[in-house]
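S.K.: Sequence:
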Amino acid sequence: MNSPVQKIKERLSIEEVVSSYIKLEKVGSNLKARCPFHNEKTPSFFVSADRGNYYCFGCGAKGDIFTFVQEFEGLDFRGALKLLAARAGVPLENYNPKEESEKEKIYRVMEEATKYFSENLSKNSKVFDYLKSRGLEEKTIKEFRLGFAKNEWRDLYGFLASKGFKDTEIEKAGLIKKVPDKAGYYDRFRGRVVFPIADSSGRVIAFSGRLFEDDGKSAKYLNSPDTPIFNKSYVLYGLDKAKDSIRKNNFSILVEGQFDLALSHQAGFRNTVATSGTALSDSTVSKENAVSSLGLILRLSNNILLAFDSDKAGISAIAKAGKIALSLGMDVKAVSMEEGFDPADLISKKGPDAWREVVRNSKHLIEFLTNRVLINTKGDLRKAGREIKEKVLPYVNAIDSAIEKSYFIKKISDLTQIPENDLREDLKKIEKELKYEKQEIEEAKKSGSTIFKKDYIEKRLLGIIFWQEIQKDQKIDVKKIFEKTAIVLDSSEDSLRETFKDSIEDLIFEAEIFYGNGEKLNREVDELILNLEEECLKEKLSKKMQELRIFEEKKEQTNAMNVLKEINDINKKIQEIKNGRLT
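For the sequence shown, the working numbering assigns the number 376 to the initial residue and increments by one for each residue that follows.
Treat the hints as calculated values from the structure; they're not laboratory data. The reader is advised that the hints may include incorrect statements.
As the list claims (entries may be wrong) - Below, in silico cross-link-like pairs of lysine-lysine (PhoX-like), each with a Cα-Cα straight-line distance of 20 Å or less:
hint	residue 1	residue 2
1	895	457
2	895	384
3	553	514
4	507	724
5	525	592
Here the structure is a predicted model, which is why all the values come from computation and not from measurement.
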């Protein structure tokens with residue numbers, strides 16, 4: 376009997392799936408496109424309809440429809456399986472793993488909690504009226520599955536316990552906390568309007584709760600902590616509902632809050648996503664996280680409109696997100712709103728037409744920032760010149776295209792009356808000052824791609840090992856393969872077991888449905904180990920490049936030469952692996 380994976384592949388071709396995300400062009404018997412996983416001007420991403428896979432000669436991304444959807448959508452295997460099964464019309468309810476994994480239990484906990492919060496809201500007219508007073512219609516409240524957490528210490532905990540969930544499962548889902556120095560638990564979310572946060576396939580993975588009645592001591596917003604299914608730095612609120620509209624309209628709108636997003640969707644702009652105070656606006660968030668979050672949007676469209684609050688913090692968040700977006704090659708615009716307004720206020724108080732007008736009148740980020748400088752300096756040209764250098768030219772520097780840079784130098788000159796030559800001279804100084812910042816963003820882009828591929832290969836390989844270990848008729852030499860995998864990862868078998876102890880069932884599940892008949896398993900394993908070796912070397916190469924940059928910056932020539940030799944050796948090993956595949 377065919378597995379769900381085989382059935383899905385029979386119904387969905389690689390061409391059909393990939394072309395629903397990016398534009399493909401025919402080249403002989405294959406198809407090509409610009410790679411969605413790294414920035415490039417010349418297409419190096421090829422799709423083979425005959426083989427049912429894709430390969431990018433630029434960044435090395437490769438795989439089948441499942442790996443493509445996982446990386447493009449930012450999903451795990453089960454999420455991609457759910458999404459593709461629904462698209463192919465393949466039922467999954469009769470195909471379950473022998474034992475439910477920890478992650479699956481957490482997903483079920485989150486779904487039950489979502490239903491419970493929603494039921495609470497339907498019975499609380501005061502909270503429901505509050506949401507309507509904020510401008511939300513009933514259909515929007517239902518679409519976004521908004522709920523309410525009662526102001527009780529153990530209300531949700533008691534409900535979930537009655538459903539048979541263990542304390543550890545509810546705690547790992549981030550819904551309860553231990554009572555300090557005592558036995559027992561209490562609810563994390565209390566007295567709050569609850570916004571469920573979903574992954575790209577629509578599974579609820581976290582919550583954001585807004586305080587309903589201010590008690591003078593609680594934070595206005597409270598988000599779920601990081602859990603086995605939720606990383607706050609890599610999730611954009613509403614992406615599951617916005618992705619199709621972003622592709623269709625070829626631009627996204629990025630807002631800060633959940634009310635901003637829900638009301639923007641209600642006003643007809645379904646291509647809106649929100650940071651929810653997690654992915655981009657937090658100063659502690661790394662460049663890798665910001666690059667990953669913006670990268671999810673970039674794969675859908677190159678054009679982004681930033682619509683954060685009109686206060687000082689909002690403008691700062693626009694500037695931060697905008698610089699990274701420009702560095703990724705995105706076309707970045709920003710909206711100007713009346714002081715004291717955010718998108719939710721504008722829509723609820725002045726109506727959807729006012730929001731449409733603001734979106735229509737958005738300006739490119741560099742023009743937006745230049746206008747802000749002119750407003751703040753109030754005609755003081757000397758002060759304006761200093762602020763243009765400090766607050767605008769770094770964003771021109773973030774752009775790769777020399778033609779684009781020239782265009783914006785002229786635009787800034789026209790708006791400020793500062794001579795173009797003076798602006799160019801200051802831009803040269805900025806380029807030197809921010810040389811390493813640009814390199815850091817480039818490294819973040821490469822690092823994110825490398826980490827995904829390495830983790831994916833590592834999990835697939837370990838899944839096969841764990842799966843084969845429990846089989847009577849083993850298709851591979853498990854002991855030998857495990858030893859070799861541990862050596863490649865510079866780890867030990869015990870350490871790998873400990874690292875993946877909470878996800879072994881998930882890994883076995885994936886291996887089982889991919890390689891259920893065990894045909895050609897040895898060949899698959901050999902290729903995976905080669906791929907793992909290559910990705911580990913690339914990861915090492917990235918770290919050495921950072922070391923080289925630091926030594927060059929400090930002018931430590933001896934150390935720089937030693938690291939450069941190591942870089943050459945690593946590159947040689949990578950090339951040997953690639954050449955080995957061709958022989």
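S.K.: Hints first: check each against the structure and report whether it holds.
M.R.: Now the hints, each set against the structure:
1. 895 to 457: Cα-Cα ~26 Å, so violated.
2. 895 to 384: holds (18 Å)
3. 553 to 514: violated (36 Å)
4. 507 to 724: holds (12 Å)
5. 525 to 592: Holds, at about 17 Å.
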